[in-house]
Amino acid sequence: MEPKRRVAPAGWRKVSQALFFGVFLFLFFKTDYAGSDELKWAVNLLFRIDPFLAAAVMLAAKTVVALMLSALITVVMTLLFGRFFCGWVCPLGTLIDASRKLFGGSGGGVHPGKRHLKYYLLVILLTASCFGLQLAGYLDPFSLLVRGFAFAVHPALDHATASFFTWTYQSAPDWVNALTEPVYALLKRHLLPGTGRVYALSVFSLVFLLAVLGLSAVESRFFCRKVCPLGTLLSLCSRFSFFRLAGGSEDCGKCQVCQAICRMGAIDGARRIASMECILCLDCLSQCPRSRIHYGWKSASTGTQTINLSRRAVVASLATGALAPLVSPTRLLARRADPQLIRPPGAQAESMFLSLCVRCGECMKVCIGNALHATWLEAGLEGTFTPRLISRIGYCEYNCTLCGQVCPSGAIKQLTKDEKHTTVIGRAHFDKNRCLPYASGIPCIVCEEHCPTPDKAIKFREVEVENSTGNRVRLRQPYVLEAFCIGCGICENRCPLSGGAAIIVTSEGESRKEEVLVTGGY
Amino acid sequence: MDRRQFIREIFLWSVGATLTIPRFNILPEALAAEKQASLLSLAKGEDSAALVAQVLRQLGGMAQFVRPGDRVVVKPNIGWDRSPEQGANTNPLIVKAIVAQALEAGAKKVLVFDRTCNEQRRCYSNSGIEKAVNELNDPRAVIEQIDQRKFVPVNISRGTALTKWEIYKDAIDCDCYINVPVAKHHGLSGLTLGLKNSMGVLGGNRGNLHHDLGQSLADLATVIRPRLTIIDATRILLRNGPQGGDVKDVKKLDTLIASTDPVAADAYAATLFGMQPDAIASTVAAYKLGLGEMDLARIKIVQA
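Going down the list, the protein sequences come from chains A and B.
Each residue of the first sequence is one higher than the one before, counting from 1 in the working numbering.
Each residue of the second sequence is one higher than the one before, counting from 523 in the working numbering.
Incorrect hints may have been included.
Under the rule of at most 30 Å between Cα atoms (straight-line distance), these lysine-lysine pairs were calculated in the DSS-like manner [what the hints assert, rightly or not]:
#1 Lys770(B) - Lys30(A)
#2 Lys459(A) - Lys653(B)
#3 Lys188(A) - Lys770(B)
#4 Lys653(B) - Lys30(A)
#5 Lys101(A) - Lys254(A)
#6 Lys691(B) - Lys40(A)
#7 Lys417(A) - Lys653(B)
#8 Lys188(A) - Lys653(B)
#9 Lys691(B) - Lys672(B)
#10 Lys188(A) - Lys773(B)
#11 Lys770(B) - Lys417(A)
#12 Lys40(A) - Lys188(A)
Per the computed footprint, the stretches of chain B lying under chain A, defined by three or more beta-carbons under 8 Å from a beta-carbon of chain A, are [claimed, not checked]:
#13 524-536
#14 640-647
#15 674-687
#16 732-743
I should point out that these hints are in silico values taken from the structure, not numbers from a laboratory.
From the three backbone atoms N, C-alpha and C, an ideal C-beta is built for every residue, glycine too.
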């Protein structure tokens, strides 16, 4: 071996991947309250440079989302330089690369396989968006990644850390704690969520993410090759890219190293590199024994590649995308929405909300009360992973406006504190069969104590009742003053009854309204 | 005497001897019943540091309570995500002045904390108390977010409504516990004062205490024994307590109360709201347990 030379080009790619993954993690950790009402960092940056989400959202909502226009940068850069984004920037791609060895580490592959299916998928997704059914968030690489991290990885890390340091705190001698406690304090301050957190669909989101990583066992970068809709969109752009990799040819040698190592299977037997598939990882450039491969202005010799899409399948995809939304109005929830489905404050009216929401999980990550959780099927199949408030788990903090600040698409509007104070997300009502002052004549009114509106939405009457032991007692029975209630859910959250609360918030009276007349009335 | 009889006699003698030993269970309060009237120090003024200095001076200075090397806990009310002007939390300047006094008296460490009702970080930040303590810029003054590991189960042997609960370790372990509540309205208990402020050192589901709040607070006061209670009445919240939110409900009184008798402090503070001490159930219950004086006539008020 010759002495150390300068860093190989593929090494620079790795540096870039590490750097952008670091940026991703940094923004992820900063997606949290940090002592002021406004977040300092553009923590949703990743979702604003994603042209796939931008296209899907704008098509579905028939509106321009200014925050996401920055995605054009990615498109233009790809038109110039090819799919560098997938190879150099995408944090999910980095994670897939990094975890490749864990899953058997199948190397590059030759098989172009069913690679064209992803184009049909993209057609279906974008057409469906056009017709008002926006499903982009399910498969978008960033949404998928952030959900997995926010719902499962980060909270699990927190619980593991807390368990370890609780163990040292309780059983280790003082000199050990003198070392471990400052470490724990530092971790808590910078890397861990404020308090132990739980999330709906946490395991599911993790399995989803692991499945994407695990597909590497079939083929390296399987998800990027055959599924990722963002990658597919970029691949369409990179078809025309001005700069690309080239240099190998049928007669350049017999080694075929480039073809064997290509993680995207982008190099064929004739050593032609398909720019649509190539993510510019530069492995071939670095490892070609004759250094024949180089990156430069596209030459005539590189030729163009075809995707071999069947016309019939494209038409079928278009039809699927266009027809699928037609089924939506046949469901029960088209007539009456689930009253337990409480959307975050500032959320758009439901159909607009579903069009805009990219299921990125940012609002649930940032929610200071751990109140926002991923919806399962309560909002229909297309509503999975959208945020909803579960008051018994966490309540909406009265002065907090973070969810609107991190939403990349405006599905949750950014509210000022004053707007937030008057935005109704639901209303509370009592279950008098369980509420202690009503049901058993026991004083309580913890709900009244916690009600945050300056003129309390929960008031009480002083009454004399016979309690469960037969004595007459004077006590205070609470009631809700609807005009003041904004549905924050702190009453339901703090109700001291075990099990279900005796005061329950439903979406009744929410501020966001559909334009259409309410159906199901008379 | 055979073996059997020997054992029987030993047994009977033992039982007899045990039963005849007089079992005294004298409450310390009963022995101290004849001590002089409870002292209550009162001061009025706009300058928080001067107010604190004055109420303490009237009680003999902070050195009476904090000895050099003491681990001190200052326990304000930081319960709510509210600004100082809204009167739902203890005035940060009062807290700062008390911590400063404790440091000056030679405390080894002054710990400030509260188990908040709203989200902890927001309460610490927006109450202004975190900033106020950090402004002292003294490594001995620490404001700490609640650490769940520090809640330890404590038997409350004299309790009737409350016999066992998880209590924050530092509140019990420390050498000097200074309770610094803010005086304000409360829907269930009428007012929240010193005894109610002690709930901020409790773990678990505190909502359950509300079933018999007055007695529970008195029971709690048998184990949480502040060496000094300083009631912040610089701003008092008259309505929509305990968290308020409307400055119209806040009245500026510029008053500070201090006493070593937690019951006397609460009893007097009630009068600031035009209420009698016996209108507050916890005051009455604590008085009955002999934890302090609630009869205003028997409380000696010193005021400059």
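Hints, one by one, checked against the model:
Restraint check: the Cα-Cα separation between Lys770(B) and Lys30(A) comes to about 37 Å, which exceeds 30 Å; the hinted pair is violated. With a C-alpha separation of about 34 Å, the suggested pair Lys459(A) and Lys653(B) falls outside the 30 Å cut-off, and the hint is violated. For the hint linking Lys188(A) to Lys770(B), the alpha-carbon distance of about 38 Å lies beyond 30 Å, and the restraint is violated. Restraint check for Lys653(B) and Lys30(A): satisfied, since their Cα atoms lie roughly 21 Å apart, inside the 30 Å limit.
Using a Cα cut-off of 30 Å, the hinted pair Lys101(A) and Lys254(A) holds, with the two alpha carbons roughly 27 Å apart. Between the alpha carbons of Lys691(B) and Lys40(A) the distance comes to roughly 36 Å, so the proposed pair goes past 30 Å and is violated. Restraint check for Lys417(A) and Lys653(B): satisfied, since their Cα atoms lie roughly 22 Å apart, inside the 30 Å limit. Our distance criterion of 30 Å between C-alpha atoms is met by Lys188(A) and Lys653(B), whose separation comes to about 19 Å.
In summary, the hint linking Lys691(B) to Lys672(B) is supported, as the alpha carbons are separated by about 5 Å, within the 30 Å threshold. Only pairs whose Cα atoms come within 30 Å are accepted, and Lys188(A) paired with Lys773(B) is rejected, the gap being roughly 39 Å. In summary, the hint linking Lys770(B) to Lys417(A) is supported, as the alpha carbons are separated by about 19 Å, within the 30 Å threshold. A distance of roughly 19 Å separates the Cα atoms of Lys40(A) and Lys188(A); the hinted pair therefore holds under the 30 Å criterion.
Counting residues of the segment 524-536 of chain B whose C-beta sits closer than 8 Å to any C-beta of chain A gives 0, which falls short of three, so the coverage hint is violated. Residue count for the segment 640-647 of chain B with a Cβ under 8 Å from a Cβ of chain A: 6. That meets the three needed, and the coverage hint holds. Interface restraint, the segment 674-687 of chain B with chain A: violated (0 residues with C-beta to C-beta distance below 8 Å; minimum three). Note: the segment 732-743 of chain B has 4 residues with beta-carbon separation from chain A under 8 Å; the three-residue rule is met and the coverage holds.
When each numbered hint is compared with the structure, violations occur for hints 1, 2, 3, 6, 10, 13 and 15.
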